[in-house]
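Peer 1: Generate the whole structure from the sequences, applying the supplied hints.
Listed in order, the protein sequences are those of chains A and B.
Position 51 of the first sequence, counted from 1, bears residue number 51 in our numbering, the numbering being contiguous throughout.
So the number in our numbering is just where the residue sits in the second sequence, counting from 1, plus 1000.
Hint data in this document are derived by calculation from the structure and do not stem from the laboratory.
Errors might be hidden in some of the hints.
Mimicking EDC-like on lysine to aspartate or glutamate, the simulated pairs with C-alpha atoms at most 20 Å apart in a straight line are [said to hold, decoys possible]:
| hint | chain 1 | residue 1 | chain 2 | residue 2 |
| --- | --- | --- | --- | --- |
| 1 | A | K72 | B | E1218 |
| 2 | B | K1240 | A | D93 |
| 3 | B | K1067 | A | E28 |
| 4 | B | K1067 | A | E104 |
| 5 | B | K1166 | B | E1022 |
| 6 | B | K1212 | A | D84 |
| 7 | B | K1067 | A | D30 |
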Amino acid sequence: MHELSIAMSIVDIATKEAEKAGTDVVLEVDLDIGTMAGIEFESLEFALSVATQGTLLEKTAFNINRIQAKAKCLDCNREFDIRDILSGCPGCDSPNIFLTSGKELRISSLLIE
Amino acid sequence: MCDTCGCNENGKDIVILKPGEEHDAEGHSHTHDDHSHHHHDHPHEHTHDHVHDHTETEGRGTGRLVKVEQDILGSNNLLAERNRGYFEARNITSVNLMSSPGSGKTTLLEKTIRLLNKDKSVYVIEGDQQTLNDAYRIESAGAPVVQVNTGNGCHLDAEMINRAVKKLDIVTGSVLFIENVGNLVCPSLFDLGESKRVVIISVTEGEDKPAKYPTIFENASLCIINKTDLLPYVDFNVEKTKEYALRINHELEFIELSARTEEGLEKWLEWLRNLQK
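Peer 2: Below, the structure is given as structure tokens:
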């Protein structure tokens, strides 16, 4: 359940940013999470509900922007959406692919009052 | 960061001990009396009203948008780089060993310490949720060791390593093994500042482990396939495992060995020696 660590980092960062902006009201937090970042989205949502308790983010809405993982084939240069890292290139079936996105773990913005 | 709960100060639940120490010399004692929110009396499936897929500009009229653009693991990664800088400056080779429970990490370490100790100083940071058992095994094998008990935490992080290293007082030019908590999922996300990551799987596990738990193989440099002495008795196709793992990480190296019989161990020692050249 490493999602709890992730949730706690989110709370830390958002709290510090809110303090910097001189507010203790955070309406929303926008997160960019890649579909291959190693995060179980439901676990993260649950972890956020736990980690925010007793903090100024208790009532904050967390908007999770899922970033679809994309890969590129080293052999035919095709770029494609990828769900399973073991699947090869859908064009030429080559296993020589690399991820170009999908590893994001980022707080993009806060909506504060 | 406290890994057990979302409620208390940095790392207070993490206990870092040397063999023979009764309690953490850093003086953390921790009760959970005031942490009732750990005990979720609601089922996990409940819906989270405040977490939702966002649709454009909803509720955005009233507030002020502040750009943050920060890596969520940023503070761990920064601390990991500090650890890495310390290791580099002291010419310490640090190896993060990751595997499922029961793959033979500790047995491999015991053998490695006995053989490597002849020409290298070896140090160990042991990660487990509970007990000093592994620390005692490592100490008997002849290496200074610090045990990190993560409580309910499922992985080591850079801060735990930073604290543990301060207790170890490692000699320049040594090898430091970090035995992560037995878990093939969570440790993969947390950079500790190690020089290399090594994944260990054993032939008593499924040959499709890399397919099931790909993330841990992504950033590893080496995959050790342990317990090869049991190959005649199990259905484990070594080549199939390698094929899966290479699909995930095209540059992964492999060493097949049996920590018990020591067959193949010399290749592992050679790999370690090459790291220090």
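Peer 1: I'd like to know which numbered hints this structure contradicts. Please list them from smallest to largest.
Peer 2: none
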